[in-house]
Amino acid sequence: CIDRGTLGDTVIGDGTKIDNLVHVAHNVEIGRNCMIIALTCIGGGVIMEDGVYVGIGGSIRNQIKIGEGAFIGMGAVVLKSVEDNVTVVGNPARKLRR
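Counted the way this note's numbering counts, the sequence shown spans residues 568 to 665.
Bear in mind the hints are in silico, worked out from the structure with no lab data behind them. Errors might be hidden in some of the hints.
Within a straight-line C-alpha distance of at most 25 Å, the following computed DSS-like cross-link-like pairs (lysine-lysine) qualify [unchecked claim]:
hint	residue 1	residue 2
1	Lys647	Lys662
2	Lys584	Lys647
3	Lys632	Lys584
4	Lys662	Lys632
5	Lys632	Lys647
Here are the computed distance ranges between Cβ atoms for each label pair [claimed, not checked]:
hint	residue 1	residue 2	range
6	Ser648	Val578	31 to 39 Å
7	Asp581	Asn658	30 to 38 Å
8	Asp581	Pro659	26 to 34 Å
9	Arg661	Gly575	18 to 26 Å
10	Leu663	Arg571	14 to 22 Å
11	Asp651	Gly582	16 to 24 Å
Yeah, the Cβ is synthetic: ideal placement off N, Cα and C, and Gly gets one too.
Given the sequences, and given the hints that come with them, work out the whole structure.
Here's what the structure looks like:
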């Protein structure tokens, strides 16, 4: 389900794949070449830059930014903005240490 924008447009970039049973709320901007896997929920006003991957069942709170190339792990609950090229996992989502 992709909600129509209310204060601006809801935008899906070229080459982005959105799996089944995904909810994209109003005024979300999704960049190019993103992968959003089943059972994901993206809150209103989220800005998701290019090349983001969201694993199955990810939840992203409204009004935050997901940086370019970020990886959101399966079932992660993202409550704060995520920097470019960072992997986050867990509930609440935390940066994965390597």
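Each hint, compared with the structure:
1. Lys647 with Lys662: The given pair, whose Cα atoms are some 11 Å apart, holds under the 25 Å limit.
2. Lys584 with Lys647: holds, 23 Å
3. Lys632 with Lys584: Between lysine 632 and lysine 584 the Cα gap is close to 19 Å, so the pair holds against 25 Å.
4. Lys662 with Lys632: holds, 15 Å
5. Lys632 with Lys647: Holds, because 8 Å separates the two Cα atoms, which is no more than 25 Å.
6. Ser648 with Val578: 31 to 39 Å: violated, 18 Å
7. Asp581 with Asn658: 30 to 38 Å: holds, 32 Å
8. Asp581 with Pro659: 26 to 34 Å: holds, 31 Å
9. Arg661 with Gly575: 18 to 26 Å: violated, 31 Å
10. Leu663 with Arg571: 14 to 22 Å: violated, 35 Å
11. Asp651 with Gly582: 16 to 24 Å: 18 Å Cβ-Cβ, so the 16 to 24 Å window holds.
Hint compliance for this structure: hints 6, 9, 10 are broken, all remaining hints hold.
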